[in-house]
Amino acid sequence: MEFEEFATARTPALLRYAYMLCGDRELARDLTQEVLIPTLVKWRRVSRVERPDAYVRAMLTNEYLTMRRRKSPTTVTVSYEGIEELCAQASSAEAAYTERAAMMQRLSTLPARQRAVIVLRYYEDLSDAQIAHVLGCRASTVRAYATRALATLRVDMAPRPALVAQNGGGA
Amino acid sequence: MSTFDVDDLRRILAAEADENAPEMLGLVPSVLAAAPERRRNRILRITGTSVVLALLVACIPFMRDGADRTSPAPSAPTAGAIPPELQPSPGVPAAPYAAGTPVTLIASVDPGAGYVAMLDGLIGTTQVLSIRPAKPTQGDSGGVLFVYQPGTFDPAPYATGQIVTVRGRPAFFASRGKPGDPGWEAALVWQDPSGIWFLYVKPGSVPEPLRRVAEAVRITPREATVPMNFGTVPTGLRMRLARLGGGLSDVLFDVTTPQWRPSPDYSVLNSLDDLRTGFTVLVQPRAGLEHAVPTAIPPTRVGEADTWHSEDTSGNHVVTEPGQSSVVFTTDKCIGHILVRDTRQIPRGVVDAFIAGIDFRDCSDPTTWVPLRY
Numbered sequence: 700m701e702f703e704e705f706a707t708a709r710t711p712a713l714l715r716y717a718y719m720l721c722g723d724r725e726l727a728r729d730l731t732q733e734v735l736i737p738t739l740v741k742w743r744r745v746s747r748v749e750r751p752d753a754y755v756r757a758m759l760t761n762e763y764l765t766m767r768r769r770k771s772p773t774t775v776t777v778s779y780e781g782i783e784e785l786c787a788q789a790s791s792a793e794a795a796y797t798e799r800a801a802m803m804q805r806l807s808t809l810p811a812r813q814r815a816v817i818v819l820r821y822y823e824d825l826s827d828a829q830i831a832h833v834l835g836c837r838a839s840t841v842r843a844y845a846t847r848a849l850a851t852l853r854v855d856m857a858p859r860p861a862l863v864a865q866n867g868g869g870a
Numbered sequence: 070m071s072t073f074d075v076d077d078l079r080r081i082l083a084a085e086a087d088e089n090a091p092e093m094l095g096l097v098p099s100v101l102a103a104a105p106e107r108r109r110n111r112i113l114r115i116t117g118t119s120v121v122l123a124l125l126v127a128c129i130p131f132m133r134d135g136a137d138r139t140s141p142a143p144s145a146p147t148a149g150a151i152p153p154e155l156q157p158s159p160g161v162p163a164a165p166y167a168a169g170t171p172v173t174l175i176a177s178v179d180p181g182a183g184y185v186a187m188l189d190g191l192i193g194t195t196q197v198l199s200i201r202p203a204k205p206t207q208g209d210s211g212g213v214l215f216v217y218q219p220g221t222f223d224p225a226p227y228a229t230g231q232i233v234t235v236r237g238r239p240a241f242f243a244s245r246g247k248p249g250d251p252g253w254e255a256a257l258v259w260q261d262p263s264g265i266w267f268l269y270v271k272p273g274s275v276p277e278p279l280r281r282v283a284e285a286v287r288i289t290p291r292e293a294t295v296p297m298n299f300g301t302v303p304t305g306l307r308m309r310l311a312r313l314g315g316g317l318s319d320v321l322f323d324v325t326t327p328q329w330r331p332s333p334d335y336s337v338l339n340s341l342d343d344l345r346t347g348f349t350v351l352v353q354p355r356a357g358l359e360h361a362v363p364t365a366i367p368p369t370r371v372g373e374a375d376t377w378h379s380e381d382t383s384g385n386h387v388v389t390e391p392g393q394s395s396v397v398f399t400t401d402k403c404i405g406h407i408l409v410r411d412t413r414q415i416p417r418g419v420v421d422a423f424i425a426g427i428d429f430r431d432c433s434d435p436t437t438w439v440p441l442r443y
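Heads up: the protein sequence lines correspond to chains V and U, in order.
Under the numbering used here, the first residue of the first sequence is numbered 700, with each subsequent residue one higher.
Under the numbering used here, the first residue of the second sequence is numbered 70, with each subsequent residue one higher.
Don't take every hint at face value.
Said to hold, decoys possible - Just a few of them, taken from the derived set where beta-carbon distance is under 10 Å, the chain V residues facing chain U:
| id | residue |
| --- | --- |
| 1 | F702 |
| 2 | A717 |
| 3 | Y822 |
What the hints contain is simulated information worked out from the structure, not anything from laboratory work.
Note that CB positions come from ideal geometry on N, CA and C, so glycine has one too.
Modelling step: build the complete structure from the supplied sequences, incorporating the hints.
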């Protein structure tokens, strides 16, 4: 597979994953770009691994965690994001998104590794062993991160099938 | 918000990613453009530290020379005097703002100049573009360009800045703060011979990075289009703000009173905080957003759309602040939302009449869209 083919197929998913990690659209683009460039540079090697997409996802995770340690994102006093924020305020009563906004706000308060665990577990549907491999830690550590994060998010571990069914069609 | 279970969490994460994750537009070409340089850097790294150090030592005088060339010492303030070249042309007509006038987006960025415009917006008659380098550039994450119609911008606040040259004409450069400060930013102001003013703002202290963007800006008038033709806008209200997401995925309109005009500096957005009237319309392609359609609640048909009004769905997904109301609407190809900020000003009947008058187009097919009008 050529890099262009891989990038075209996988970039949307990587962007989504990056966005779920960092919660910022522009930063998500930067993260994805910063990972795809070395992927292209090392493509001959990356393309030979069993799951190039998983490999690049792990690179992206590390880039996110490294970025969080390295610096806080700088803010521009006036930016287009400012408009978006204002627009968001104007439509803050956007009904379908209220509970989601609250959840995303809580997610944004999580430490980087806890957030990565939540996203890898509940968005990427990885097992704890797979998450441990991505993060370079033990599965028990992953479970500890997840427990703390879910408590912060106020998420019960046990699913509630009846409620899920009831809310299935709504937003 | 009450507690959730993990299935709720999965659903929320998926919905958030579906709705708000960035598009890949332009990303792969940026990667392809940036990779050769990164590859060269990698070769340099593995060639050996001593060689790299030698190269760095050899480059220092050159880099210093380049810095001298690109970062001239700040010139003395000009005490508010505006050079004749920067004076607005006499007799230039005021910006078109008459009701029904199609909105024109004025400027774009030369695609061959190494920059891309990520987003387009409109505040009153002022176009706003988010500009970024086409490939990763150390220390340059891009900035925001404001494009002012002739007669709508006063450059006086910038006239004490450093004078630089943009496209052969004088321009003002000003900066404040220092790297790391939240308010660290620089502004470049210049004018086209047509009378159009440009204001570019980004973090920075020296003019050259801003000047390079200014050199890449082109005047390319084109109509702003949207996926809905408004029939009857409530009396006294006018289109005032639009967010046009590259014409691809979502469009947002802010419809409110006509008195407002953007202030002539880059704190312009702050003046939007006083929005207390009017209503906002957000619309985007329905594809991929089926989960946002409140199918559990019977809709009310209004014109071409199925609608769910907050008054009918209290306690469910439609939540508003006291005094506000909202409507979720769908068509075959679109899903949208209207937020009324003051129901005393705009009662439900007015909103329904507004929706009934909308001629919806295919939100996922910009070729079917119609001009956005003031």
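Hint by hint, here is what the structure shows:
1. F702: holds (8 Å)
2. A717: With a closest approach of 8 Å, the A717/V hint holds.
3. Y822: holds (4 Å)
Taken one by one, the earlier hints all hold for this structure without exception.
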